[in-house]
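The listed protein sequences derive, respectively, from chains A and B. Heads up: the first sequence is residues 12 to 127, going by the numbering used here. Heads up: the second sequence is residues 12 to 127, going by the numbering used here.
Errors might be hidden in some of the hints.
Note that identical chains are pooled: a pair holds if it fits in a single copy or bridges any two copies.
[Stated by the list, open to error] Straight-line alpha carbon distances no greater than 16 Å define the calculated EDC-like cross-link-like pairs of lysine to aspartate or glutamate that follow:
| no. | residue 1 | residue 2 |
| --- | --- | --- |
| 1 | Lys63 | Glu96 |
| 2 | Lys119 | Glu32 |
| 3 | Lys119 | Asp49 |
| 4 | Lys63 | Glu16 |
| 5 | Lys63 | Glu100 |
| 6 | Lys119 | Glu52 |
| 7 | Lys63 | Asp73 |
| 8 | Lys119 | Glu16 |
| 9 | Lys63 | Asp49 |
| 10 | Lys119 | Glu100 |
| 11 | Lys63 | Glu125 |
It should be emphasised that the hints constitute simulated quantities derived from the structure, not laboratory data.
2 protein chains.
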Amino acid sequence: MTIQEAAQRSGLSAHTLRYYERIGLIHSVGRNVSGHRDYVEADLRWLDFLTKLRTTGMPIADMCRYAELRRMGEHTSAERLAMLELHRERVRARIAELGADMVVLDHKIDNYRERM
Amino acid sequence: MTIQEAAQRSGLSAHTLRYYERIGLIHSVGRNVSGHRDYVEADLRWLDFLTKLRTTGMPIADMCRYAELRRMGEHTSAERLAMLELHRERVRARIAELGADMVVLDHKIDNYRERM
DNA sequence: ATTTGACTTGGAGTGCACTCTAAGGGTGAC
DNA sequence: GTCACCCTTAGAGTGCACTCCAAGTCAAAT
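Input sequences plus hints: build the corresponding full structure.
Spelled out as structure tokens, the structure:
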């Protein structure tokens, strides 16, 4: 799969895919005879997971750490699990915060409606 | 109220308060005899509201637009209401997205747990 | 009277996450 | 074979939202 196809399917730009590889988020994408990147399904699954971490607000630096642990093998599972659990807690807190802020927003909107 | 007190109570830094004023987010904070900023309760309430918009992800540019409409008076209520409703919709979508992503995160965590 | 420290301004600097450019090489259609 | 268009790399540039700095003013404490 070419970088354009991978970009299409992952929702990331080709620029971003190269950038992710450069900083170590994606390890060893294959190259074809002419040196072009050749993505496989496993790369796409990993990209999807990375994208989930990103859209839920994990910093790139943490994602790099996670990717590094993953490359180091099975014995890093506990640390990876801990990272995910901490992240989940942050996402949960973020959802709660957004929910609370939306209540304020609702009130503000009600006020506007009443005055009109 | 001094800028330090306003910073303390709003949760923003003094740097940020000056920045917000410079870009037009906060209009005409009073000055005391020596030219120092002198915040009043109404400023604090406005800052709290601004902070809600920020933490829910509204871009600074949109907040400036909202602040500008507010300064223009009552006849801009409809446009401000429309902005808030659009923003609320985005926040709702964001909460939904985070919730969906958290389900994936939960599965991933379950997988780790089972394998250990 | 001098020191300390908080304030003022305009403008420069920072960190993050991309995003693009330049220079060069490979590939497929005509 | 040549044209259009893809790919490669290292490195520079961008946009956002702050965050800090320099130079100067002012007020209270010693």
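Okay, the hints, checked on the actual structure:
Proximity of Lys63 to Glu96 under the C-alpha cut-off of 16 Å is restricted to the intra-copy arrangement: shortest distance 14 Å within a copy versus 27 Å between copies. Taking identical chains as interchangeable, the C-alpha atoms of Lys119 and Glu32 are never at most 16 Å apart, the minima being 45 Å within one chain and 23 Å between chains. Taking identical chains as interchangeable, the C-alpha atoms of Lys119 and Asp49 are never at most 16 Å apart, the minima being 52 Å within one chain and 26 Å between chains. Taking the shortest Cα distances, Lys63 and Glu16 never come within 16 Å of each other, neither inside one copy (19 Å) nor across copies (39 Å).
In this assembly of identical chains, Lys63 and Glu100 lie within 16 Å of each other by CA distance solely inside one copy; the values are 15 Å within and 21 Å between copies. Taking identical chains as interchangeable, the C-alpha atoms of Lys119 and Glu52 are never at most 16 Å apart, the minima being 47 Å within one chain and 18 Å between chains. Proximity of Lys63 to Asp73 under the C-alpha cut-off of 16 Å is restricted to the intra-copy arrangement: shortest distance 13 Å within a copy versus 27 Å between copies. Within a single copy, Lys119 and Glu16 get their C-alpha atoms no closer than 45 Å, and across copies no closer than 26 Å, so neither meets the 16 Å cut-off.
In this homomeric assembly, Lys63 and Asp49 never come within 16 Å of each other (Cα to Cα): the closest approach is 23 Å inside a single copy and 45 Å across copies. For the homomeric pair Lys119 and Glu100, the shortest alpha-carbon distance between copies (14 Å) is at most 16 Å, but the shortest distance inside one copy (29 Å) is not. Proximity of Lys63 and Glu125 under a CA criterion of 16 Å is satisfied in neither setting, with 40 Å inside one chain copy and 21 Å between copies.
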